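*Asks:* All chains, please: the whole structure from these sequences, using the hints.
Protein sequences, first through last, are from chains H and Z. Under the working numbering, the first residue of the first sequence is numbered 1, with each subsequent residue one higher. Under the working numbering, the first residue of the second sequence is numbered 1, with each subsequent residue one higher.
If you're looking for bench data, these hints aren't it; they were derived computationally from the structure. There could be a bad hint or two in this list.
Simulated coverage check for chain Z against chain H, where a stretch passes if three residues somewhere in it have a Cβ under 8 angstroms from a Cβ of chain H [to be verified]:
no., segment
1, 17 to 29
2, 39 to 47
3, 55 to 64
4, 81 to 94
Looking from chain Z toward chain H, a few residues come up when the C-beta cut is under 7 angstroms (computed) [as the list claims (entries may be wrong)]:
no., residue
5, GLN75
6, ALA78
7, ASP97
8, VAL102
9, GLU104
None of these values were measured; they are calculated from a predicted model. Backbone N, C-alpha and C define an ideal beta-carbon position, used for all residues, glycine too.
Okay, here's what each chain looks like letter by letter:
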Amino acid sequence: MNVQSWTFLLVAASFALYIGIAIWSRASTTKDFYVAGTGVSPLANGMATAADWMSAASFISMAGLISFMGYDGSVYLMGWTGGYVLLALLLAPYLRKYGAFTVPDFVGDRYYSKLARVVAVVCAIFISFTYVAGQMRGVGIVFGRFLEVDINTGVFIGMAIVFFYAVLGGMKGITYTQVAQYCVLIFAYMVPAIYLSILITGNPIPQLGLGGVDQASGVALLERLNGLHLELGFGPYTSGTKSTLDVFFITAALMVGTAGLPHVIIRFYTVPRVRDARISAGWALLFISLLYTTAPAVAVFARTNLINSVNNVPYASVPNWFTNWEATGLVEFDDVNGDGRIQFVGPESSVTNELRVDNDIMVLANPEIAGLPDWVVGLVAAGGLAAALSTAAGLLLVISSAVSHDLLKRVLVPEITEKGELLAARVAAGVAVLVAGYFGMHPPGFVAQVVAFAFGLAASSFFPVILLGIFSKRTTREGAILGMISGISFTAAYIVYFKFIRPDLNSAAHWWFGISPEGIGTLGMLINFAITATVSRVTPAPPVHVQVLVDLIRVPRGAGEAHELSA
Amino acid sequence: MTEHTSSGSGAAAPLLPAEVVAHRAEYWRRNLRYVSVLLGVWFLVSYGFGIILADTLNAFRLPGTNYPLGFWFAQQGAIYVFVILIFVYVALMNRLDREFDVDEQEDA
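*Replies:* Encoded structure:
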């Protein structure tokens, strides 16, 4: 069997599995649809959270980015894992005790205000749509390269699958498909990584191989790569080029953004008890860290392999994978000096670089570059699709529940019946799938840039308001609304200015304090904290029932759901 | 546990008996202490060792491997510590809940 047959087989088998699970786990009540009936075991929730969280960006792009950025890529590794510590220690147990269905639900009740709820709904929908467009795009790329179908057809197939289990099963269907998707994606990520680690370092554990010895040269792998980098005029791999302050701010924005992303937070509503919410955050991070500690090893293996297999190689004798990816436009060679050989060098080299390799192909092309068996290549395709679809489904649920629960049930049509609300939730999920698919087929040019946007916005809007809502009883409605609005507008304005209005000024010399747009969410968060706290001091204290509610969510024990008692 | 259902009491009057309020305040104080210590470690391994001190630590190797130490913290070590921190927090809080008799009953 060749690569394409293996890919067809593995992708079709994984899709059949997701559909089977969707039929088995249909939702029959709004509680099923929004929070899977709060009956998910902590271990299963940990896996589902890991799949929910690890998107096409983590699976397909991250190792490539790190491979390109070296030490500077650490911002993603620490930023996208450290947020779970904040989530576990500061948010998840209390939000579970509160027992809401959505994030705007908590914001609206804690701040006794419909305006606060609507501001939260707008933030949640905006953050989720920017994110979901990127996932659909990832689906299109994988289909386009591996199954050689048109990207639009690929997006359409992806939409049909997500539509099926998100609309039918809601959170319940999504949760159990995500458990399966985690298994598929982690297996697909680890198999090539282990193969590569054995090939390059002789150690089957990539995390150890990275700190091991390169068998071809007998030198420590990281030293060998640093040596190659210096020789070719790239900076040393293990130390960075970004300023320490910028690395600090970007890491903080990604961490806090992670803790404030609504599709991650709602996963902790699905477990039965407070103690389950705590432990499932631990399981989630454990499952995530399996991929996140492997990614830097994959990055180094890929970098070393790439340099060895293309630099100074005659263009006429390039390997097959090179030609395959050239066809997609993601690898470009321009023989500037006309010697018929590929010069792959960095900015500090005396010769001109002739090769451009898109970061996104490193993980996907890695098995082919290393000459791994065909079935491994097919497996990576199935894994990439699992990562993209699982995240897309989680985001679609946030959008659907924000519309049907927060807008319809809690603000516009409070008299809506249970059945009506469930129908509205399904319709909203269906419409959201169509909109996401549209963005996948006609991607706005700024998809990649708006993903950084989503983290900055989540960091500067939700995180401070939810945190203060739990840890400071004195925080008032006025403080929270002004804090959310000022944090999110400051962050959005800074990003829009440097990314869209004056991209020519987007360099360290023009940034405030040298903070890049990727890291500005941290400053936006600090502004939100400062304004929320200050305004809360000068406005009337929250009503007694809200203060009682805060007392209630601070202890695990208590009959029933906290939000029902407060109503 | 019926104290939550009472309502309609005076504006600032606590709904719980004074000794319960003091007991809960002590529980909350202990919780905040755990969280601050754990977040201190969280900050140290990531922002401290992985970012601010990374270049200094890169002069050393992680014992038994060829990892530059600062690079190891930034791309491996901090993540392992994060996982451990959450499990330590879970163990500490479950114990604290039982000690203050605020843990969830099995049938809850």
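*Asks:* If any of the earlier hints don't hold here, list their numbers in rising order.
*Replies:* none
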